[in-house]
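Asker: Listed below are the residues making up each chain.
There are 2 protein chains.
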Amino acid sequence: MMYSLEAGGKRLRPILVLSAAEAVGRNARAREIAMPIACAIEMIHTYSLIHDDLPAMDNDDYRRGKLTNHKVFGEAMAILAGDGLLTHAFHAITRASALGASPETALAIVADLAKLAGAQGMVGGQAADMLGEQGVTSLEELEYIHLHKTSDLLVFSVIAGARIGGATQRQLDALLVFARKLGLAFQIQDDILDLVGDAAKLGKPVQSDVTGQKVTYPFLIGMEKSEALVVRLTQEAKQALDDARLAMPDTMHAIADYLMSRDH
Amino acid sequence: MMYSLEAGGKRLRPILVLSAAEAVGRNARAREIAMPIACAIEMIHTYSLIHDDLPAMDNDDYRRGKLTNHKVFGEAMAILAGDGLLTHAFHAITRASALGASPETALAIVADLAKLAGAQGMVGGQAADMLGEQGVTSLEELEYIHLHKTSDLLVFSVIAGARIGGATQRQLDALLVFARKLGLAFQIQDDILDLVGDAAKLGKPVQSDVTGQKVTYPFLIGMEKSEALVVRLTQEAKQALDDARLAMPDTMHAIADYLMSRDH
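Chains as they are written, first to last, in the working numbering: chain H, 1 to 264; chain A, 1 to 264.
Keep in mind the hints are simulated off the structure, nothing from the lab. Note that the structure is a prediction, hence the values are computed from the model and not measured. Treat the hints with care, as some may be off.
Because identical chains share one entry, a pair is satisfied inside a single copy or across any pair of copies.
As the list claims (entries may be wrong) - Below, in silico cross-link-like pairs of lysine-lysine (DSBU-like), each with a Cα-Cα straight-line distance of 30 Å or less: (1) K71 x K214; (2) K115 x K10; (3) K66 x K225; (4) K238 x K10; (5) K71 x K225; (6) K238 x K66.
Construct the entire structure; sequences and hints are all you get.
Answerer: The structure is reproduced here in structure tokens:
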């Protein structure tokens, strides 16, 4: 569990939790209270990578420039490490309550995570991705996969942080649109970087999607339209962010800009 | 997810949740409110069986008389089905709150489950079991494995039900002792049945532990002492149950008697 948690990565999801909590601006201790939630979502993200890398799934040997979990500890331990991280994420959320979140808020965050990381969310996206590899994937199917495999955890991060920060329902609604579009842009950018990126910066071989015959946005609509779509989705995400009328939106805007222009 | 949930089994853990909730006798709607918790623990139990049966773990072809999940849907889907069930269990717990459990009680149950099913609980027991198969296992190590692989989910079931039923801290303490001893007796009985049981009743081949070179109580201390230990642990469990001074303890006593005398 610690090997994969400590393997690094962008820590995008925890940063979104903490940034959203602060951006709302209605709780002076928002960042402190949101910290266990930030840890929880990184545990969920990390467990999903460990299981995704398994031989029965994507069969990857490297992740973040290090050997994948099962390459070091074996398949059985990798499965259990993923199970342990997934389970412990829910324990971390209960700790936000001990730090000052109301039991109602903590329980709403538990329900959000169970839905967005589960069979109707991330796990559902993973399952659709697995099934998609067995045949032709349409653009609609690919969008479904990206929305659930990637956007759902970003949605959770932003909404959970905003809940801790004291957001209104109208703000939560706008932030949901922001996170969904940001997640889709993020995943299409991932598809693009896998084709043209620098293996050293990515920490994994490029064109792994091509050799694995994975259907991607560039494969379906071409590189030029994919790049244009990333720009458009990011603009729409930033518009939704403006609609949320947060007290301190600058960090959230900066994150959206960074994700669009990143090279790894 | 549904294939394995609907494969049957004793439903021991959900029965313990509902029985404990009713036995305390301080909440007329205890059974109704406890129902989503009963479903949650069966989802956890079922996910653990799906992952435990995988080729990288115990590599079992049959479970409850049916083909194991990965034999029907493949390894990738079996891993995801387990992940989905584990995640959805936490969603089920939040539903107890909608039915009338206080947010504090629901959150305490989330924390219990995350601890008892996680790396310090069931997953930790599974990991110790995997490591144990690579070398000699002592009686202390075997007790650790049994307490965490099996007792921890029974402890969760009894404690969660009792929380919904309105148990005092003193009652929870006594029920913890009851469930730990019951779980250990249950697992030793499992070891015994694997050696001498009827394959048709068990729904899986007997002596699978022997062919898999698994260290068991009968292997370490002999059949006679193992059988005596099941009787003693069950008596101690029932004593702890008396100590809990439940309003309606009869069903709980009957469950303890049944588990000791079962043949599958």
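Asker: For every hint, state whether the structure bears it out.
Answerer: Evaluated hints:
no. : hint       : result
1   : K71 x K214 : both (23 Å within a copy, 25 Å between copies)
2   : K115 x K10 : both (24 Å within a copy, 28 Å between copies)
3   : K66 x K225 : neither (33 Å within a copy, 49 Å between copies)
4   : K238 x K10 : within (20 Å within a copy, 53 Å between copies)
5   : K71 x K225 : neither (37 Å within a copy, 42 Å between copies)
6   : K238 x K66 : neither (34 Å within a copy, 52 Å between copies)
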